[in-house]
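Asker: Here is how the chains run, residue by residue.
2 protein chains.
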Amino acid sequence: MLNIATANLAMAVSLAGGLGFIAGGYDLSHLEKELVDARRLNNEDAFGASYRQLNPPQEPSVLPVGVGFLNWGASLKAALPLIKTYRPCAIWLFAPKTGADDLLPWVQRIRSESPYNIKIWVQLCCVADAMECVQKLQPDVLVVQGCDAGGHGYARSASIITLLPEILDQLDLSRPQKLQRPSIVAAGGIVDGRGVAAAVTLGADGCAMGTRFLASPEAQISKGYQKEILRASDGGVSTVRSTVYDKVRGIYGWPGRFDGRGLINRSYEDILNKVVTEDENRRLYEREKSKGDHGWGPQGRMTTYAGTGVGLIREVLPAGQIVTNIRQEAMKRLQKPFFAAKL
Amino acid sequence: MLNIATANLAMAVSLAGGLGFIAGGYDLSHLEKELVDARRLNNEDAFGASYRQLNPPQEPSVLPVGVGFLNWGASLKAALPLIKTYRPCAIWLFAPKTGADDLLPWVQRIRSESPYNIKIWVQLCCVADAMECVQKLQPDVLVVQGCDAGGHGYARSASIITLLPEILDQLDLSRPQKLQRPSIVAAGGIVDGRGVAAAVTLGADGCAMGTRFLASPEAQISKGYQKEILRASDGGVSTVRSTVYDKVRGIYGWPGRFDGRGLINRSYEDILNKVVTEDENRRLYEREKSKGDHGWGPQGRMTTYAGTGVGLIREVLPAGQIVTNIRQEAMKRLQKPFFAAKL
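Protein chains in written order, with the numbering used here: chain A, 1 to 343; chain B, 1 to 343.
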């Protein structure tokens with residue numbers, strides 16, 4: 001969640017026992033500022049501070065947050081010194097220009113040049129990419145993204161209902177090749193404890209959430225956007241996968257198989273109904289920015305990326321509270337006895 | 001599964017403790033033949049026959065299978081005498097031209113003119129339709145269809161991961177209106193016990209499966225089609241939602257919001273790449289029929305509807321065995337202890 005998942009949100013998630021990620025994005029222009037913030041927040045954390053006073057670290061401490069990169073645009077040369085200086089505990093790679101081979105220098109250099117146990121997460125949207133990634137990169141974590149996810153993913157994709165089991169089965173079949181099985185994190189459509197419990201039932205080791213945190217005070221998000229997240233319902237029909245929302249913002253770098261899921265607004269409708277050209281649509285988008293929070297909504301033009309679970313989000317909650325609530329809900333549901341009679 | 005889900009398949013599912021449905025479709029041209037077959041199979045069933053000998057029925061018996069209708073085309077006038085004569089235990093309504101109002105005469109007349117406890121199932125693809133349907137029709141069963149499903153559904157839709165919880169929440173919110181909560185059956189992407197367990201974890205009372213039964217000897221399916229179901233993998237990228245597969249077959253009745261998910265083949269690729277007109281595409285499809293089983297596959301043109309779970313289907317199994325295996329796998333997974341430590 002570029003420009004939204006800042007150090008503030010990531011640290012709040014991590015302090016609640018989750019693992020927060022800072023969105024580094026494709027140009028990394030704001031990344032150092034965020035890493036400075038994360039370091040400050042980590043130093044300010046009361047528990048961490050008193051612990052460190054009692055146990056002065058022998059070496060610079062590792063930040064309890066990760067950093068996500070959009071690899072079709074991000075520069076390894078720019079990323080590497082930041083990783084070495086600020087020591088995020090994990091790196092999340094996504095959307096290389098061509099395939100896993102593009103990520104190989106990232107994985108090799110990050111692993112060899114970070115003198116601590118940094119974890120490599122790689123996100124993908126189909127079985128073939130998952131297998132290629134495991135074979136070539138041996139990531140620590142495979143983030144399996146289903147079609148319900150907000151923002152970017154494959155234009156054609158399955159939900160985690162089928163994608164997760166098929167990847168798990170293929171990983172099992174590849175075991176004779178002695179590949180280490182990465183941890184599997186499910187992403188796409190998970191916004192509450194039921195989603196987490198379902199993903200775990202399907203075989204996931206954990207879950208990634210984006211859209212749910214848009215409705216947290218720690219997200220760096222305009223009120224207009226956040227209001228839409230609370231208002232919208234029926235995400236399967238109120239959102240759409242499209243490249244329109246990249247085009248209006250002049251973003252042309254995403255590889256061909258990707259588009260992004262967002263709430264339907266005028267930017268999409270006007271192109272669909274052919275009442276504007278792409279150039280006009282972009283100009284109208286630029287003009288819309290002056291409307292502030294009124295630029296969002298079905299009649300607005302501001303891009304409102306959201307997953308199909310948007311209708312399950314009904315209140316703004318502190319990010320830490322979201323983590324705690326969802327963990328409790330999921331555990332309650334997983335421990336609920338199911339009786340044979342039900343089936 | 002029109003022309004595939006015959007009496008033979010439906011009875012095999014029901015005899016294994018599931019509930020099989022005969023596809024009546026939109027023109028009902030084959031329905032009476034199938035109902036005659038179902039009655040014969042039911043009379044031949046050894047357990048049923050000996051039971052009936054000991055307990056001669058007071059009135060014509062109810063068939064242990066249901067009938068599905070595509071309501072944008074099916075005629076109530078044609079359906080009603082068949083229902084009254086053959087007494088299927090359930091009716092499945094789907095895809096009315098405009099909305100739940102179209103289904104009201106079906107529900108009212110079937111309920112009033114079937115002098116037995118016939119169950120009304122209604123399938124839908126979004127939250128708004130689900131709520132309208134429950135308010136106007138009070139169905140016995142709501143079939144909640146997610147985007148992973150093979151064949152027809154809404155072109156824009158969520159998977160059951162988000163759709164099911166949102167519908168359940170909205171039904172809970174509507175309780176003050178004293179609406180009876182229908183049973184909830186999840187559909188779309190469920191092909192094994194993991195899918196069933198996940199759907200139950202999300203709150204479903206049961207699951208509907210289509211694609212999985214394409215790989216059963218009871219399905220009335222050409223070998224070419226069945227071979228593709230076993231061959232295909234990575235259903236999120238190897239299938240596509242499109243209206244192309246209706247157009248090549250000259251089917252124009254589906255309401256505007258619908259399309260169908262099928263394995264990608266030349267019919268789709270050639271239209272996508274603009275190398276044929278729609279008319280040429282249809283002619284090429286007609287010609288492809290002469291190739292028999294060789295007309296299927298990525299380079300073929302025969303329509304191959306399948307859900308995103310197609311990659312999880314690796315063997316042809318008797319339909320009854322599929323029901324039994326999946327029930328056992330699901331129960332095993334639901335009874336597996338999850339430890340707090342895992343989360």
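Derived from the structure by calculation, the hints contain no laboratory data. Given the structure is predicted, the values throughout are model-derived calculations rather than measurements. Any given hint could turn out to be false.
Because identical chains cannot be distinguished in the list, a pair is counted as satisfied if it fits within a single copy or across any two copies.
Stated by the list, open to error - Here are the simulated lysine to aspartate or glutamate pairs, DMTMM-like style, with alpha carbons at most 25 Å apart:
#  : residue 1 : residue 2
1  : Lys-223   : Glu-329
2  : Lys-227   : Asp-172
3  : Lys-247   : Glu-113
4  : Lys-336   : Asp-205
5  : Lys-97    : Glu-269
6  : Lys-332   : Asp-205
7  : Lys-119   : Glu-59
8  : Lys-33    : Glu-269
9  : Lys-33    : Glu-278
10 : Lys-332   : Asp-172
11 : Lys-332   : Asp-270
12 : Lys-332   : Glu-113
13 : Lys-332   : Asp-102
14 : Lys-247   : Asp-37
15 : Lys-274   : Asp-259
16 : Lys-227   : Glu-288
17 : Lys-289   : Asp-246
Asker: Does each hint fit the structure? Answer for all of them.
Answerer: Tested hints:
no. : hint              : verdict
1   : Lys-223 - Glu-329 : neither (28 Å within a copy, 46 Å between copies)
2   : Lys-227 - Asp-172 : between (44 Å within a copy, 24 Å between copies)
3   : Lys-247 - Glu-113 : neither (37 Å within a copy, 57 Å between copies)
4   : Lys-336 - Asp-205 : both (19 Å within a copy, 15 Å between copies)
5   : Lys-97 - Glu-269  : between (29 Å within a copy, 23 Å between copies)
6   : Lys-332 - Asp-205 : both (17 Å within a copy, 18 Å between copies)
7   : Lys-119 - Glu-59  : within (18 Å within a copy, 69 Å between copies)
8   : Lys-33 - Glu-269  : neither (37 Å within a copy, 47 Å between copies)
9   : Lys-33 - Glu-278  : neither (34 Å within a copy, 54 Å between copies)
10  : Lys-332 - Asp-172 : between (29 Å within a copy, 19 Å between copies)
11  : Lys-332 - Asp-270 : neither (45 Å within a copy, 50 Å between copies)
12  : Lys-332 - Glu-113 : neither (42 Å within a copy, 45 Å between copies)
13  : Lys-332 - Asp-102 : neither (42 Å within a copy, 41 Å between copies)
14  : Lys-247 - Asp-37  : neither (31 Å within a copy, 56 Å between copies)
15  : Lys-274 - Asp-259 : both (19 Å within a copy, 21 Å between copies)
16  : Lys-227 - Glu-288 : within (17 Å within a copy, 53 Å between copies)
17  : Lys-289 - Asp-246 : within (15 Å within a copy, 42 Å between copies)
Consistency with the previously given hints fails for numbers 1, 3, 8, 9, 11, 12, 13, 14, ordered from lowest to highest.
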